[in-house]
Structures are given as C-alpha cells and as structure tokens.
Amino acid sequence: MGERWMHEGFEMVVGLEVHVELATTTKLFSGSPNRFGDEPNTNIDPVTLGLPGALPVLNRHAVELAIRIGLALDCTVQACTFARKNYFYPDMPKAYQISQYDRPLNADGRLALPDGTVVGVERAHLEEDTGKSTHLGGSGRIHGSEGSLIDFNRAGVPLVEIVSRPDITSPEQARMYVSELRSILVAIGASDARMEEGSMRVDANVSVRRPGEPLGTRCEIKNVNSVRSLGRAIDYEARRQVALIAGGESVRQETRHWDENDGRTHTLRSKEDADDYRYFPEPDLVPVHPDAAWIESIRSALPMLPAARRSRLADACGQDPDSEAVTTVVERGQDEYVLAVSAAGGSAERALVHVKEAFAEAGAAPTLPAARLAELTAMELAGALTATQAKTVLAEMVAAGDGDPAAIAAARGFEAMDTSALDALVDGAIAADPDAWAKFCAGDPKAVGALVGRVMKESRGQADGRAVTAALHARRG
Amino acid sequence: MSPADGVDSIAAGVRSGSRSAAAVLEEHLGRIAEREAEVHAFTLVTDSAARERAAVLDERVAAGEDPGPLAGVPVALKDNLCTRGVPTTCSSRMLEGWRPPYDATVVARLHDAGAVVVGKTNLDEFAMGSSTENSAFGPTRNPHDTSRVPGGSSGGSAAAVAAGFAAASLGSDTGGSIRQPAALCGVVGVKPTYGAVSRLGLVAFASSLDQIGPFTTSVADAATVLTVIAGPDPSDSTSIPEPFPDLRPSLERGVAGLRIGRISDLPAGADPDVAARVDAAFDALAAAGATIVDVEIPAFGYGLTAYYLIAPAEASSNLARYDGVRFGLRVDAPDTDAMYMATRAEGFGAEVKRRIMLGTYALSAGYYDAYYGKALKVRRRIAADFAAAYGRVDALITPASPSVAFAFGDKTSDPFAMYLCDTYTIPSNLTGDPAMSVPFGTGADGLPVGVQVLAPALGEPTMFAVAAELERSVGVGDG
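Chains as they are written, first to last, in this note's numbering: chain B, 1 to 477; chain H, 478 to 956.
Keep in mind the hints are simulated off the structure, nothing from the lab.
All values derive from a computational prediction rather than experimental measurement.
Glycine is no exception: its CB is placed at the ideal position from the N, C-alpha and C atoms.
Hints are not guaranteed to be accurate.
Partial pick of chain B residues on the chain H-facing surface, computed with a CB cut under 8 Å [what the hints assert, rightly or not]:
#1 Leu49
#2 Pro52
#3 Lys94
#4 Asp276
#5 Ala371
#6 Arg372
#7 Gly428
The calculated lysine to aspartate or glutamate pairs, modelled on EDC-like cross-linking and capped at a C-alpha distance of 20 Å, are [claimed, not checked]:
#8 Lys85(B) to Asp812(H)
#9 Lys132(B) to Asp45(B)
#10 Lys222(B) to Asp276(B)
#11 Lys132(B) to Asp814(H)
#12 Lys222(B) to Asp167(B)
#13 Lys132(B) to Glu39(B)
#14 Lys356(B) to Glu324(B)
#15 Lys851(H) to Glu415(B)
#16 Lys85(B) to Asp846(H)
#17 Lys830(H) to Asp276(B)
#18 Lys888(H) to Asp922(H)
#19 Lys356(B) to Glu336(B)
#20 Lys888(H) to Asp748(H)
#21 Lys85(B) to Glu17(B)
#22 Lys85(B) to Glu146(B)
#23 Lys391(B) to Asp427(B)
#24 Lys132(B) to Glu122(B)
#25 Lys830(H) to Glu542(H)
#26 Lys132(B) to Asp812(H)
#27 Lys854(H) to Asp102(B)
#28 Lys222(B) to Glu249(B)
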C-alpha cells in the first residue's frame, strides 16, 4: 500500500485533476492541425480565433479517443452535452471555453494503482485548450509585464480532463496515480501525455484531517510540472496546512501556485476572487449520443492495458508485477519484445534485465532481432558467457543492429573459465585480502563484494560473478 | 413597387436574356441614389462590386449559362452577416475596421444562385432592438412614413425591400427581428424553422434563437429566396440534416381543408386597427375553405419573460469575445483589464450593455436556477403548449406586431415598452417553429399591417400555403 503519510496526527486527502491533450490530427472544433511546436499562430482559423459568425463542429476522432480513455478507466460512457465556461483571459479567444459540465462523456470510473489502491475517477470530460500567453518582462506573469505575446496554435486543441475522487492519501500514491494514468494514455494511443511539453497537466486538490474526521478545507495546487514536483508540492502543502491548524489558524480555500525554485506553494487567488464561470448549455452544439455499437467497437479495439501487461511480463520472467524492471519495460512498451525473446527460446528473465539496461533509448520495438537476444541469453544460461561478458556482446549487437553472439564472443576471446582456473583466482583473492576473507567468514555480507571484485579484476571480466560467489561460499563452508 | 421588380420576375427576365442584370441593378441603384439619404437603410452600398458582378452575370447569360434562380436579383444583407473582405459592423462601433475572412453560408448560397449584393443594411446594434434606433450609425426610417421607425432589428433590410432598393434582403430573427419590421414596412418576412438555414457567418446574438430569413415583396419570392438559402450545412452543428421541403406546390394549394387556429388566450395588447386586420384574415381564410378552430396556448404570455432571460444570457456569452484583443475596436489602456473595460465601455451602446448585464446576472452563481434555469423550463412548457395546439390545427394566425409603425423616440425611454413589440413573435423563436409576416392591408394612418402565420417545425409548406392565400385575398380588393 505504499508508505502512509501522517504528520502530527493528520492524514492528507488528495484529489487530482489531470488535463491531457488528445493525439488527434485536427482541433476539437475546427480543421486546423493539432500540432505542438509549430511557428506561432499558424494553426489557426475563424473558429480557433473565435471570430464573429464562426461555429464549432465536433471532431469525431476526439470523441473516440475520449471514449477510449473512459473505457480504460472503467467509466460509464454516456450521452453528453457541452457547456460554456465563461471567463476573460487574453488567450481565451471567445472569452468562454467549450467544456462539459453536468453531463460529461465519461463518469464514475476507477484506476487501480500498482500497489493495489483503487482511486475513483469521478469524470473524464472533453473540452478545448486555450492559447498560450508569454508575458514579457516583470515576473513572467501577466500583471506587471511589459507586454504579452499570444500563440493561438494551442487554442482549440482537444483535452480530456480526468478528475479523480479524493482517494489519494500520500505523495507516493499521487505519483503512482499520475504515472499509471500516463502509461494507460500512451498505451491506448489517446495522448503522448508529456508533462514537460504540457500535453499532460496536473492540478492537485489537497486537504488534511485527523483520521475519521470529515474532509478539511482544500487548496488547489497549480503549476506542477513533473511527477517528482507533484509529490513535493503535495507534501509541502499538506505540512503547511497541518502547521496552520496546529497553530490555531484555519485553512482558507484558495488556489495556490507551486514554485519549483523555493519548493513552496503561494497564494494565487482566494475563493472570494474566484471566477463565476456562469456555465450554461452550449447552444452551438447538439448533444452527443455515442451508440452502444460504437462504444463496443472502441472497447474491443483497446489494447491490453499496462496493469495486465505487467502481470503477463512478471509471470513470464518470474518477477513481481511492480518490480522496477517490469514497470520500466512495460512503461517503455518493450514487454512484447521480451516475450518475443522468450518465444524464440531465450530466457525471459535475462532478456528483461538486458532490455531494461541496454534498450533505454531503443523505443518500443528494438531493431535487434528478438532471436539474436534469445541466442545470447541461452549462452548465458548455459554458462558460456558471464553476465558482464553478455553485456559487452549485447552492446556490440545493439550498435550494429544485429550480429551472431557466439561469433562476437569468440572474437573477443570470451570463453567459459574452467573450474581449476577459477579456483586459483579465488585462492589468490583470499590470500591478497585476508581482512575481507576474515570479515566474510564472520558473516559480514559486504565483504564478499571486495573478494568477488578482485577475482573479476584478475580475470579481466571473464569470471562469472555468480560462480565466484558460489565458490567463496563453498570455501567458507 | 411593380411586380416586375419581384425576385421571380427579375430572375426569369435575366435568365431568358430579356433583361440585363446590369439594367436591373441600375434601376435599383437609381432608387438608392434618390431615397437612401432619407431612408438610411444601408450601412454600406457596394455599388461598384455590384456593377462588376452584374456585368459578369450578363456575360454568363450571353455565353449560354444559367446563373441560377436568383440570376441578376439585387439583394441586400443585414450587416450582421459575414461578407468576405467587406466590412461587417453589426451597426456597432465594436467591429470598427473588421473585414471577415469568409462569407456566411447564406451569402455564398445567394451568390451561387446568381444574386447581386447591393449592400449591407442597418440594424439595431448586434440585432438588439425593435426599431433600428439602437444603431451606432443612426436610425433607419420607414419608407412609408419617414417620421416613423421601420421596426427592428432588421429595419434596414425591411426598409430596403419596401423602398425598392433591393428585390430581396436577408435579416435575422431572434425574437421577431424579421417579422416585426416586415409588418411595419409592408413586406413579407420569414423566420424559418430553427436549423433550416445555416447560421454559419451570422454574428451571434442568442445562438439557440437566431435564424436567418428573407424579406421580399411577395410570398412566392420569399419561397424562392428561402429555398436557395435553406438546407443542410455540415459547418453548423444545429443545421437540420434533411433536405428542406419544396415550397412551390404550396403557393397554389389554397387553404381548403386546413384547420387554422385562433389563440383564444392570446395576450392582449394589439391595437384595435391591427386586431381588426387579423379578424379580417380569419374571415378571408374561412371564405377560402379553411376551418377556424379556437385553441389555447396558456404559456404564450410567459414567452416574453423567458426570452428576456435566455436571449441576454446567451448574448452575454456571445458578446464576451469583443475584448479588443484580436479584431475590431481596441481602446488602449495601461493594462489588460483596463483595456477590456475601456474597449467594451466605448464599443457597445446602451441597449447592448443592458442585455449583457441582464444575461450575466441571470447566469450568475446563486441566480441561475431562479432565472436562467426557470426560463428554460418555461421554454419547454411553451413548446409543449404549441405541440398540443398543433395536434388540433395546421397553422395559427396572430398579429405580427401589436401596432403599426410608431414614431421615433416613442419607446426609447422605456425599454420594456420596446420589448412588448415582440410579444407575438417571441414564442416561435423559443419553440424553433417557423413563422412569417404577410402584409394584410393597412391600419391607422394608412400604414401597413402584417399578419403572422405560425406553423409547427418544418411546417413551411403549410405556412406558405396560408400566407399565399392571405396575399391573394388582400389582392382582390380587401386591402
């Protein structure tokens, strides 16, 4: 269940609002490209700019991706309507955002974290993104700036806002929730979900209470730009609230801004200053009724989700589903490759280790034929190569994109060391470092490292570390 | 106006080569030159573009082409319809200098049918008003009596047709803005079924109520123009996807066998001269073979109140985009918030500001349920009452306007008196059903009276049959 967060008798209660940009070709309500990084104000049109007389037309692909998200989060996908959320901001072209209010597309879902915690998902609704402002001079915020530049390329990009229930009780769980959500979104092709590019944005609602008490007053934390910052910001904020209460003060409901540099949250606006969004039904759009057949066809086309893929990989490799190697490899989408190595007669367990270490840059589908890695792991299992030697051979194969591991090993002079040679090296190591040997015999587990290291060095990496360890244990008796 | 100036007559002449589009245009430009200074129907006369266009059409006819059902027909466009590269002002300072980069769907369809645009017409600012006195560019005068208003908000479009400046014009109707000025100017004005005509390129006032429709001098001409502009448009999500019905057979159908409803609990308020003409209309329809049936529409009278919550609420949102950031007027100020406020303070007139405030209030947290939410319930109730009535009748008849054209300044000091002008027209916008005003003789001071024909959604064929019958009966000595 992860580590429980408690501070001076208080627990934290966190709900997350995650905005993700959908990986559509065009915008939510117009035909302009949905593309990150283009020259400012090139992906625009009358709808994007909110010109008088322009009308929105809903992008069917965006609805489909949003339904995928809903289904992956076990939501009810339902008939829905759009609403206008009214407020003034220079990068909001119409001075209202088309969003969903009382009838969201997806409602009442859940997300299971790798540690077994289930976080409720209240809703996952469609809405349009705003443009992007760059404020010149001053603090980088609009007030006090010398001028502002607005790029409307992002305006109208389709977003899904995923609102969790306040089921998260530690910074670690919050990080897990976002990581798991991100993996799901990438796996189902709904979004590239990159926090650093802003295609995934996380706001946190944080409150504290003594266990068993009703929910406390919450603060919304904005400007959290990485999973790591999310944990820090939540931890800071909860401690700040506990300190207020402990000092006899009360928490004010407000929106707070996370400052990465000083590691604190600062008041952005209080509840009294909050906008009244004056939601009302969007009269330019008609209700969306996704029919059952469409929903089922989307459901049946969904790929296996990360949690199921972790279990499958863990089973194949004899590991825990939430082990770092399994999580990382699934996260990268390389689990299929590991299974392919296994299917080609290789060792899934060894393949997992190699893929995690050697294929960090390789992408979801490494170019090295799975059969080649299978041959390599087979040689390892047969004792023909040590782990270190296998790594060296693999590095060469990866660099070349192919290669016969046996030939490479032979060319490098890697041969399995015979037992007598190994014994001689072990004797030499014990003689050279009697202190380490004594400690090892006394049961100090760290001492074995020094002895093994010495053997490895003497053998110039040709000794098998596991065999050396075994030999040392045998000597000690 | 002579019948030769009608839409069908002009198009037939130009298509057959017996009249040139250029000559037709010059007749209309001549009348504009003669009376526009007095009437002020236009915010912009596009005479040189019109002359080029007419010349092209004449060349096409000479080359054996058929420019379409509106070949060479001079048309005027309410200045809240976007015209590519041509200023579109909504009769507001707010849109100063703005030239839309696109044509409204209706403008493109008129063009494709061979029409010649002679200009953009004056309106109450952002279509908010019933007299065209709210224009930032000064009022339009009623061609029948220039001391009186033409009605509104499409006063310029109604006056342009009444004065013979154009054979047809387009207006927009959110609460009566086509039908009331049509009545006051003595022309035919149609508010089609919501969704029958694309709103793309219509500068929105209240999106769930706005609908574009034609002004013409005859019912048949209105059918011709409506047929050109109506029909599905994938660029407007609220556009009805089915093809628009054929109105031609309706014009000669007559009313024999039709059940025409008289609303027995219609809110009082029509002047006696107007009420007398409506009675005459029932008599004429009965004489032509219709059955007159009394029906009740209990919620009719709540329409005005519901409308003045829903329309301003939508307007407050639709007009929020006029912030000085991207187009139109910008009044410079030291910071962004001050710039917004200065721009909106200077750019909008008093009635627009009044409605923005009304609508903002109606949508505010804590007031939504009491105002906007309740208005939506009333809207559904009115629709249910009309649906029940249409179970018993094929069409309904009411006054279009409670009075004939009134004098300038009569109602400007009392916004509510002005709002009452729309009592009889508003319910059709709330229900989305079609309605039209047909000239039916004259009332006080010899001024035109319009009778309103109402029908259920997509009931335009019935509505036009009734309107054509009224037109025929007034033509045989009743008017």
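message: Run through the hints listed earlier and report the numbers of any the structure violates, in increasing order.
response: Per hint list: 5, 6, 7, 8, 15, 22, 23, 24, 25, 28 violated.
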